[in-house]
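J.: Between the sequences and the hints, there should be enough to build the whole structure, so can you do that?
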Amino acid sequence: RWEVAVVHREGSLARAVARSRRWNLGLSLGVLALLGASVALALVASQRAQRLARERVEFVAGVSHELRTPLAVIRSAAENLADGVVEETSQVQRYGTLIADEGRKLSGMVDQVLQFAGLESGQPLRLAPVDAASLVEDAVAAATPVLAEHGVTVARRVAPGLPPVLADHDTVVRALANLVS
Numbered sequence: 365r366w367e368v369a370v371v372h373r374e375g376s377l378a379r380a381v382a383r384s385r386r387w388n389l390g391l392s393l394g395v396l397a398l399l400g401a402s403v404a405l406a407l408v409a410s411q412r413a414q415r416l417a418r419e420r421v422e423f424v425a426g427v428s429h430e431l432r433t434p435l436a437v438i439r440s441a442a443e444n445l446a447d448g449v450v451e452e453t454s455q456v457q458r459y460g461t462l463i464a465d466e467g468r469k470l471s472g473m474v475d476q477v478l479q480f481a482g483l484e485s486g487q488p489l490r491l492a493p494v495d496a497a498s499l500v501e502d503a504v505a506a507a508t509p510v511l512a513e514h515g516v517t518v519a520r521r522v523a524p525g526l527p528p529v530l531a532d533h534d535t536v537v538r539a540l541a542n543l544v545s
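Take 365 as the starting number for the sequence shown in the numbering used here and just add one per residue.
The hints are simulated quantities; they were obtained by calculation from the structure and are not laboratory data.
Hints are supplied without guarantee of correctness; some may be wrong.
Computed beta-carbon distance windows for the label pairs [unchecked claim]:
{"hint": "1", "residue 1": "508", "residue 2": "488", "range": "42 to 50 Å"}
{"hint": "2", "residue 1": "530", "residue 2": "468", "range": "23 to 31 Å"}
{"hint": "3", "residue 1": "435", "residue 2": "495", "range": "56 to 64 Å"}
{"hint": "4", "residue 1": "433", "residue 2": "404", "range": "41 to 49 Å"}
{"hint": "5", "residue 1": "401", "residue 2": "435", "range": "45 to 53 Å"}
These numbers were taken from a predicted model, which means no experiment stands behind them.
All C-beta atoms, glycine included, are put in the ideal place defined by N, C-alpha and C.
T.: Encoded structure:
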């Protein structure tokens, strides 16, 4: 008679099933950990997106408020001129200067918003070697109307012989002018 004996390489069928169970359990736990990590990353990304959306809304609200102030001054001065409230030449000149100054402020704000939009869209900065002293001088010159309006003088001390700075001139000047203002 012939007898066929089949033996599993683990030795017994129970040991093979136990090993298979451990393998499946480990694989299931690994997949579960990956799913948990994915959910956690999705929650973090969602919270970040919500925070960015809130910041954008606050930015737009702040910009619109800042734009309304010079517009209100311009409209008020223009209405006074148009209604004949102001008739003296000196007052008309003062109103004209006020309108021009507020118009410059408004133009500067619009430029800042456009530059911000360009940075947000990934538009690259124009980096070039720039003299630090000229950055400070240009920033103070840009802030001069606001400083003069409030009777403020700025003392500048820039160390001589500083090496050039690799920067986008207009962006740095605008940032420094905002700080000075």
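J.: Taking the hints in turn, state whether each one holds.
T.: Hints versus structure:
| no. | hint | verdict |
| --- | --- | --- |
| 1 | 508 / 488: 42 to 50 Å | 30 Å, violated |
| 2 | 530 / 468: 23 to 31 Å | 29 Å, holds |
| 3 | 435 / 495: 56 to 64 Å | 36 Å, violated |
| 4 | 433 / 404: 41 to 49 Å | 44 Å, holds |
| 5 | 401 / 435: 45 to 53 Å | 50 Å, holds |
Checked against the numbered hints listed earlier, the structure breaks hints 1 and 3; every other hint is satisfied.
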